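Engineer: The chain contents come next:
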Amino acid sequence: MNDVGREPPAGHILLRHREIPEIDNLEVYRQNGGFEALRKAVTLMGPDEVTEEVKTSGLRGRGGAGFPTGLKWTFIDYDRYPHYVVANADESEPGTYKDREIMEGNPFQFLEGVAICAYAIRAETAYIYLRGEFWQIAESLDRQIEALERSGFLGDNLFGTDYSLRISTHLGAGAYICGEETALLESMEGKLGQPRLRPPFPPSFGLYGKPTVVNNVETLTNVPMIIKHGGDWYRNIGTEKSTGPKIFSLSGNVERPGNYELPLGTTFRELIYEHGGGIPNGRLIKAIMAAGASSSLIVANDEALDTKMDYESVPNVGAQLGSASVIVIDDTVSIPWLINKTIHFFKHESCGKCTPCREGNYWMVHLTERIAQGQASMNDVELLYDVASQIKGKCLCALGEFSIEAVLSGIERFRTDFEQVVAD
Amino acid sequence: MNVSDGASEVTKSLSPLSSKYAREIEAILAKYPPEQRRSAVMPLLYLAQKERMYVDRETMQEIGEILGMSTTDVASIVGFYSLYYDEPGGKYHIQICTDLPCALRGAEDFLVELCERLGILPGETTKDGLITIEEVMCLAACDNAPMFQVQSSQGLEYYENQTVENALKLIEELRTMATRGPGHYESIRSDSDE
Numbered sequence: 000m001n002d003v004g005r006e007p008p009a010g011h012i013l014l015r016h017r018e019i020p021e022i023d024n025l026e027v028y029r030q031n032g033g034f035e036a037l038r039k040a041v042t043l044m045g046p047d048e049v050t051e052e053v054k055t056s057g058l059r060g061r062g063g064a065g066f067p068t069g070l071k072w073t074f075i076d077y078d079r080y081p082h083y084v085v086a087n088a089d090e091s092e093p094g095t096y097k098d099r100e101i102m103e104g105n106p107f108q109f110l111e112g113v114a115i116c117a118y119a120i121r122a123e124t125a126y127i128y129l130r131g132e133f134w135q136i137a138e139s140l141d142r143q144i145e146a147l148e149r150s151g152f153l154g155d156n157l158f159g160t161d162y163s164l165r166i167s168t169h170l171g172a173g174a175y176i177c178g179e180e181t182a183l184l185e186s187m188e189g190k191l192g193q194p195r196l197r198p199p200f201p202p203s204f205g206l207y208g209k210p211t212v213v214n215n216v217e218t219l220t221n222v223p224m225i226i227k228h229g230g231d232w233y234r235n236i237g238t239e240k241s242t243g244p245k246i247f248s249l250s251g252n253v254e255r256p257g258n259y260e261l262p263l264g265t266t267f268r269e270l271i272y273e274h275g276g277g278i279p280n281g282r283l284i285k286a287i288m289a290a291g292a293s294s295s296l297i298v299a300n301d302e303a304l305d306t307k308m309d310y311e312s313v314p315n316v317g318a319q320l321g322s323a324s325v326i327v328i329d330d331t332v333s334i335p336w337l338i339n340k341t342i343h344f345f346k347h348e349s350c351g352k353c354t355p356c357r358e359g360n361y362w363m364v365h366l367t368e369r370i371a372q373g374q375a376s377m378n379d380v381e382l383l384y385d386v387a388s389q390i391k392g393k394c395l396c397a398l399g400e401f402s403i404e405a406v407l408s409g410i411e412r413f414r415t416d417f418e419q420v421v422a423d
Numbered sequence: 000m001n002v003s004d005g006a007s008e009v010t011k012s013l014s015p016l017s018s019k020y021a022r023e024i025e026a027i028l029a030k031y032p033p034e035q036r037r038s039a040v041m042p043l044l045y046l047a048q049k050e051r052m053y054v055d056r057e058t059m060q061e062i063g064e065i066l067g068m069s070t071t072d073v074a075s076i077v078g079f080y081s082l083y084y085d086e087p088g089g090k091y092h093i094q095i096c097t098d099l100p101c102a103l104r105g106a107e108d109f110l111v112e113l114c115e116r117l118g119i120l121p122g123e124t125t126k127d128g129l130i131t132i133e134e135v136m137c138l139a140a141c142d143n144a145p146m147f148q149v150q151s152s153q154g155l156e157y158y159e160n161q162t163v164e165n166a167l168k169l170i171e172e173l174r175t176m177a178t179r180g181p182g183h184y185e186s187i188r189s190d191s192d193e
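Which chain is which? The protein sequence lines are A and B, in order. By numbering that gives the first Met the number 0, the letter at position 401 of the first sequence is numbered 400, and the numbering carries on one by one without gaps. By numbering that gives the first Met the number 0, the letter at position 70 of the second sequence is numbered 69, and the numbering carries on one by one without gaps.
Bear in mind the hints are in silico, worked out from the structure with no lab data behind them. If a hint is listed, it holds; no wrong ones were tucked in.
Have a look at the derived ranges for each label pair, beta carbon to beta carbon:
1. T160/A / P32/B: 17 to 27 Å
2. P32/B / R268/A: 46 to 56 Å
3. G208/A / V111/B: 41 to 51 Å
4. E164/B / G276/A: 19 to 29 Å
5. A26/B / D155/A: 13 to 23 Å
6. R268/A / V111/B: 28 to 38 Å
7. S17/B / N156/A: 33 to 43 Å
8. P67/A / L167/B: 44 to 54 Å
9. K30/B / E103/A: 16 to 26 Å
10. Q389/A / T162/B: 39 to 49 Å
11. P32/B / S150/A: 22 to 32 Å
Beyond 12 Å from chain B on every Cβ pair, some chain A residues (computed):
12. Y162
13. F204
14. N235
15. Y272
16. E381
17. G392
Covered stretches of chain A, as calculated for chain B (at least 3 residues, CB under 8 Å):
18. 91-103
19. 246-259
20. 332-340
These numbers come from a predicted model, not from an experiment. Cβ coordinates follow ideal geometry from the N, Cα and C atoms, glycine included.
Sequences are here, hints too, so could you generate the full structure?
Structural biologist: In structure tokens:
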């Protein structure tokens, strides 16, 4: 059953449309092994066996938190029904654009992953929550879901069993906060997208108060390959604790920005210089943000560049891997300007529920604007640091927590940039 | 907000949502458990915006009646989410991302220059009432900046790897389309990259 010890495939595991043209056509997807994993799961494996295989694979959530996927599935409360799967396709972190490519290029593998997850947690209804801007993607997913229903891969009594499944899309309407899983669930329920107090977590109290698994698009797109080839095969890719491939969204001051599917554990240097072609116009690299706007600023020295991009190694250089949205910053960029950009984003996207985040980001916008424009003193920089420090640990969700990462690390690690712009 | 303008009266009398879009509303409601009708509020608001790119008070009230929500609750959804509008703007909203990754690739200059060429400021609408330029948050197309999306009553479309000249060409096509009826403006998408 397992392709143990087999070499990882040479091509892509997730971005397979790059090798297989028209894999977004159901027939083409089927000719390339599509829906064999779902058939295998539903007809040959019990739901718990599927979850066990995903646990064996070591797959961790690709949305940013890196939580073990199979373990999350075991947290489902089996005393209460119905269960729901909600695919998080709210991709909104500045610097992240991988789920969009998956859903545009290889949508059926994602949908197959949704279906396998639903089978594993005994859910008969799944939703895909897409950010409102992915309006066209939602339209094509709707057509693809219809095609699956016509072909018997979705609907009643799949593969002649008593298992039935329906998948629907649901469009958000422009709110970054809805990428946070409990805000997403609130939004799906027709409310303001504001995070819930946790615990309880979604596997016990999720959509409509029912047991729910919320997984990211990329996470779910891994699942058909794990079921098809086995969890042990999957473990051959990546590092011991960070298994599998990851799509790194590379952006900013780099020659060839784009999505790069590489094993977890690839170094920043390989991504930025070998794949991304290095820094344009003969400039020097200054800083790296590994998790989009939510990142600490990593000083791009040799130690950082040789750091492996996996969940365990990135903290060694004072940051997190997160969603692996790598923003490259060159030596012409002023860090005060940069943190004004990120704080402007977080101020706009704060949902307003927690006072430290709502008010803190409001005041930080004013401070960072004055600092970036050279109308501040070093006292203002210290005040900014103080305000940011007071937000830490006082918010319901990660938005507030992450909004200060670039501010604190920027002031700590690039102090001379601030000294240069403050008024004499 | 002025809700008693002539236009909303016309909509109220000629096209209440539930008579014009009965089939669409039924299909939307079928997606959610019968006792969870409120989940349909976001799709119904998109349906309402198909008419005129904003949702007036009467339509919010109608949506509230369909879903068993108060008008205030519907209005709070319109207010919270940035793709819903409660007052008229341009027929086409050109929404330019200037977040960090796009800004590192020239999106701020792109925004300023495009606005200058159109003689408006970000957030404003051109005199003919057709084009509103907005500065928006990340649109998940960071590798292809400068980029923007065009939001209209017909939905959303992405335009990537844009130049100011390119965008102005698109705007001309949108203006032509607005005066001569629907046409095809796909050709501009990302073609400066080819």
